[in-house]
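Please model the complete structure; the sequences and the hints are all you need to start from.
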Amino acid sequence: MTGKWGFMGRIVTIALGAFKESVRERVLYNLIVFAFLMIGAAILLGSISLGVEQLILVNLGLGAISVFGLLIAIFIGIGLVSKEIDRRTIYNILSKPVTRAEFILGKYAGLLLTLLVNTAIMTAGFYVALAIEKKGLALHDFSLLIAVYFILLQLAIVVGIAIFFSCISTSILSAVFTFCLFVIGNFSSDIRWFGQESGSPLLEKMTAVLYYLLPNFGDFNVIDQVAHGVRIPGQFIMANTCYALLYIAVLLSGAVLIFEEREF
Amino acid sequence: MLAIEINGLTKVYRVGFWNTRIKRALDSLNLQVESGEVFGLLGPNGAGKTTTLKILFRLVFPTSGTARILGKELNDTSMHQRVGYLPEHPYFYDHLTPEELLHYAGRLFGVGQRSLRPRVTQLLERVGLTEVRNVPLRRFSKGMLQRAGIAQALINDPDIVFLDEPMTGLDPIGRREVRDLVLQLREEKKTVFFSTHILSDAETLCDRVAILNRGQLQGCGELRQILSLGASTTEVILEIPPEGILEELRPLVASMVRTGERVRLEIRDEANTEKVLAISLRGKAKVVSVNPVKMSLEDYFMAKVSSAKMEPTAPTGTYDG
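Protein chains in written order, with this note's numbering: chain A, 11 to 274; chain B, 14 to 334.
None of these hints come from the bench; they were simulated from the model.
With a cut-off of at most 35 Å between alpha-carbon atoms, the simulated DSBU-like pairs for lysine-lysine come out as follows:
1) B:Lys-155 x A:Lys-93
2) B:Lys-317 x B:Lys-202
3) B:Lys-36 x A:Lys-93
4) B:Lys-36 x B:Lys-85
5) B:Lys-288 x B:Lys-299
6) B:Lys-202 x B:Lys-85
7) B:Lys-155 x B:Lys-36
8) A:Lys-93 x B:Lys-85
9) B:Lys-155 x B:Lys-202
10) B:Lys-85 x B:Lys-317
11) B:Lys-155 x A:Lys-30
12) B:Lys-317 x B:Lys-155
Below, the structure written as structure tokens:
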């Protein structure tokens with residue numbers, strides 16, 4: 011296995027290894043909590059009928075998918091690299107014909123796979139709950155998948171941030187930085203608005219730079235819109251996809267550059 | 014072609030809050046290891062052995078100097094394809110079983126599934142882990158982990174095997190097994206480069222050794238040469254010697270130890286051996302044995318390490334390993 015397939019083969023091996031580790035470390039146990047939440051919500055909503063049950067269920071279900079995914083992305087993401095260094099398992103990997111870039115990309119892909127599987131199972135559970143609540147599913151209910159897709163894009167960026175910070179800092183600080191960046195990223199449009207409203211050209215420029223520099227998570231949250239049946243334009247989906255891919259590419263390139271210089 | 018070539022390798026760490034203090038972990042190390050030889054890197058803890066190995070695998074970067082493995086630069090990771098490495102105190106993903114660990118390592122080397130399966134079975138057998146092939150590594154003792162580590166270092170059938178303190182933490186049986194394994198590798202014409210502070214292991218296994226202390230090379234050469242370098246002594250054991258003879262012998266010997274009815278004499282000067290024997294025979298003492306005592310690697314090592322301690326220009330400090 012040499013050349014291009016060797017490169018891909020090693021990334022796939024590391025990714026599958028990271029996925030297996032998540033499964034064995036019982037990361038997917040969060041699904042049990044999610045299942046209880048969905049069943050509980052379905053039973054509870056079944057006993058009240060104010061005409062908003064479906065709205066509440068969609069908000070609750072998609073919100074839970076997002077929160078659980080986020081917790082996994084941050085807490086596993088920050089350990090992806092630092093845990094390997096702390097436990098010295100990295101010696102064993104980098105002494106094989108594995109480049110540092112392949113290691114980072116493999117680890118990233120592994121956690122993304124974990125999140126993908128986790129989100130897919132939660133989404134399936136959510137649809138089961140929705141079907142019970144509505145006593146069946148209509149075709150337009152599947153437009154909710156756009157919100158799930160955006161959650162995944164958001165998680166992919168968060169994992170990128172977590173892995174970036176874990177290349178330069180300790181686990182705890184990486185978690186704090188990642189979480190802070192996630193929170194700020196949700197308000198980046200507000201930061202820009204604040205600058206525009208301030209009337210100060212300097213502040214306006216500074217907030218504009220911050221707006222372009224920080225991840226813009228606000229645009230990925232369309233749970234309210236899809237819950238109310240608002241159509242999400244294809245152009246918006248495409249723009250968000252490109253934005254996420256670009257942002258992830260920058261984060262991973264940065265992580266690889268820093269990691270290349272690191273000593274263990 | 015040389016298997017390993019190290020030229021002027023130096024590693025300096027900056028420590029302290031302001032990074033102002035300098036710790037010299039390795040100081041202008043020059044080494045050449047031939048293909049097919051078993052080479053031992055010896056030194057006490059903190060001598061720079063692990064630092065050397067870490068540099069060779071680019072886990073740390075040298076401050077100056079260069080090194081090549083199998084003629085290739087260290088940053089060429091394709092060279093790892095022909096190299097096996099057992100790190101000191103090996104740590105592996107403990108959720109894996111030894112069988113899974115070997116499959117994982119094999120896939121990183123690009124070994125195809127078809128040839129990987131028999132290779133894994135054979136290696137597990139070779140290191141004695143067949144019975145526990147499906148037990149997670151987190152339940153393994155240190156010795157068992159070491160065996161798993163050795164197996165994964167051999168998964169790619171490497172030309173050079175680097176073993177960092179492979180005997181540490183092993184019981185006598187485990188050490189014997191590792192020794193046998195190194196001898197097998199030698200028979201297979203593999204190059205083995207191992208670091209150790211257990212001298213008897215080096216003495217039994219190595220074709221050549223290098224001695225490292227405080228990051229500096231103290232000596233390097235063929236074991237036979239090193240061992241014959243030091244002044245050899247002769248040990249004479251006498252039984253029931255008359256007291257008068259002992260007084261006569263005392264100025265000729267380096268030491269005289271009495272145990273029960275026997276007296277052990279250590280003679281440094283070869284010319285004195287004949288005199289001692291003549292006096293003993295004349296005095297009707299029973300000569301039990303006359304043995305030449307060669308300098309052991311341990312003696313050599315102690316002499317080198319203690320002379321380095323007395324050097325006023327010794328480096329300011331070292332890092333562990």
